[in-house]
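J.: Assemble chain B onto chain F, guided by the hints.
There are 2 protein chains.
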Amino acid sequence: MKTSTVIALDAMGGDHAPDSVVAGAALARERYPKIKFLFYGDEAQVKPLLDRHSILHASSELRHAPESISADLKPSLALRQGRNSSMRLALNAVAQDEAGSVVSAGNTGALMAMAKFVLKTLPGIDRPAIASLMPTKVGESVMLDLGANVECDAENLVQFALMGAIFCRTVLGISEPSVGLLNIGTEELKGHDEIRTAATILRERPFPGSFYGFVEGNDITSGTVDVIVTDGFSGNIALKTLEGTAQLMAYFLRQSFASSLTAKLGYVLVRNAMKKFKMRADPRRYNGAMFLGLQGVCVKSHGGTDHVGFANAIGVAHDLIDRRFNERIGEELARQYGVPAPAAPAVMPAEDIP
Amino acid sequence: MKTSTVIALDAMGGDHAPDSVVAGAALARERYPKIKFLFYGDEAQVKPLLDRHSILHASSELRHAPESISADLKPSLALRQGRNSSMRLALNAVAQDEAGSVVSAGNTGALMAMAKFVLKTLPGIDRPAIASLMPTKVGESVMLDLGANVECDAENLVQFALMGAIFCRTVLGISEPSVGLLNIGTEELKGHDEIRTAATILRERPFPGSFYGFVEGNDITSGTVDVIVTDGFSGNIALKTLEGTAQLMAYFLRQSFASSLTAKLGYVLVRNAMKKFKMRADPRRYNGAMFLGLQGVCVKSHGGTDHVGFANAIGVAHDLIDRRFNERIGEELARQYGVPAPAAPAVMPAEDIP
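Chains F and B, in that order, are what the protein sequence lines are.
Quick note on numbering: the first sequence equals residues 0 to 353 in numbering that gives the first Met the number 0.
Quick note on numbering: the second sequence equals residues 0 to 353 in numbering that gives the first Met the number 0.
Chain F with its partners taken away, still in its complex shape (with noise of 0.2 Å):
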């Protein structure tokens, strides 16, 4: 296999895995008929599975994973009891340049302190953070940290800002990404020291993009900049409080169109715009969360997702590494930092591994 197209699957994460993670590859093999997957987990609740789906039989391997990783596991408790969790050999398979990609619905703090140890960081970034695209009015624009750093200093907002725009160049083809610091106000005496003093670096430092300023909650959605950066505390409200408002909003309508016979009939003439608004509304749309800032590829997929929003973490997964991302963030410390990019994808010797 060349590990390009190749992705590890950890089966057993999430809520409703395994079925999820096997029907969720099936469906993204039709959309990139190239890749192949590693699948991780219990031989006899995933094998039934796979022999469902022809799609994937002759692009998948099984292996065997003894464990899982439960969804409340503390992330230092699974990084010493879960070395033959179905998540830790399907990180284990990019350290070791067997895949070239990983996804898994599982715990996600147990799924950070995994990568990180497995994977390294990239020289330069103190901190990995999770970056998600979020949906604007005007398309797309990402997000970083959700939730992997609950306190951050000025240094790694800079750092998460860098990665933020790198990402944007890369993979959105943005070529000079504006970045906001989230804040409560526009105002420059506004919000904890470590955001005035990522503002009063970012205005200074170069770096591949421009810095917009502070911006506000509601300018996550109205596609003011690019790139978003927060700390992982108030990413992760942000991101959770924008699922919750889009699924109010969403029951609000349904009840509405319940309400009247009228509205009932009306229905089958607007039934399409309805499509269109649901599809354009849909979580899964943006199910796929990035671990920026190490040295292989690791997407978290939404635990609560079924197999759409999964074969959307998958596609993720194959974008970043087809625009070879953390090789371009690593190329661009260098340049910034005049630290040594990682020439390859690290490969940890087995008896490191502890």
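Mixed in with the good hints there might be a few duds.
Pairs involving identical chains hold if they fit within one copy or between any two copies, as the list cannot separate such chains.
What the hints assert, rightly or not - List time: in silico PhoX-like cross-link candidates among lysine-lysine, alpha-carbon distance up to 20 Å: (1) 73 / 189; (2) 136 / 275; (3) 35 / 46; (4) 274 / 136; (5) 263 / 277; (6) 73 / 115; (7) 136 / 277; (8) 274 / 263.
Keep in mind the hints are simulated off the structure, nothing from the lab.
T.: Leaving out everything else, chain B in the frame of chain F:
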């Protein structure tokens, strides 16, 4: 005038002031026929507007304020320089017992700084908080703080929980309100130290409600709890993300309906359903943020709202006076902490006002 029915209005605050303030007052007067207004603002601008609304003639008094507070003035400067501003004079009317409450759509930071200085904080409360009703699938919840306190310690959060619970009891009529702390996960180990300490205190200390535990961003709109407690930074980001997402959904919906002739025809049949939807999702319905923890009622209207939104903010002020909200918080604090409840609204001697 009987104080309890008099509302002091900052006629110059907000993007569409004084027009939206005067027209909003006229609309509120239709809803609450006993209400009277003290308008503070530039006589030359406000008088012609008042003349247009006959419903306000007998029930309003206009008092000239030679200055107004600009939207970007620093709170400390507003406090020192804004003694003759419409905002300040309106607040003085409450402190001097001429009005039962004040409503402003002006500079939030300046309003909070002045309100703390003029009205004073309730004994037992270290910092007032900004609270607002939020739409949920099952009705409404109250969230605080929405931006007054960027940094909060555990005790501040506990006091916010107490104020939110008393608000639910007295204004919303919920006898045993449930309170949740906004966090990025529901496990005990998640989040900042302050939040975890606040959770420990709330589990042990008796208060007028029940402590639910941690909630996440999506719980705000799903109605998991009656009260969502958070620091002002996270709360402001959640509030604005919610507003932005609701706008995005409405935008997607409009675009979908405009995309085909069939959908446009169908719209005629579903118009009433869409009206219901718009009414439920209308941000103006939720306009009117309450400054809780002061010895007087102060309501902040969204700066960008129109007269309909401003009328709703006046409605919030009316409800808070009517339910004797501040007195009840004072009584509860006295019960909880043994601090004396303020017997009557604090009247500030004229010479003490800087």
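J.: With reference to the structure, classify each hint as holding or not holding.
T.: These are the hints, each one checked on the structure:
no. : hint      : result
1   : 73 / 189  : between (35 Å within a copy, 10 Å between copies)
2   : 136 / 275 : within (14 Å within a copy, 23 Å between copies)
3   : 35 / 46   : within (16 Å within a copy, 75 Å between copies)
4   : 274 / 136 : within (18 Å within a copy, 22 Å between copies)
5   : 263 / 277 : both (17 Å within a copy, 17 Å between copies)
6   : 73 / 115  : within (15 Å within a copy, 43 Å between copies)
7   : 136 / 277 : both (15 Å within a copy, 19 Å between copies)
8   : 274 / 263 : both (15 Å within a copy, 15 Å between copies)
Checked against the numbered hints listed earlier, the structure breaks none of them; every hint is satisfied.
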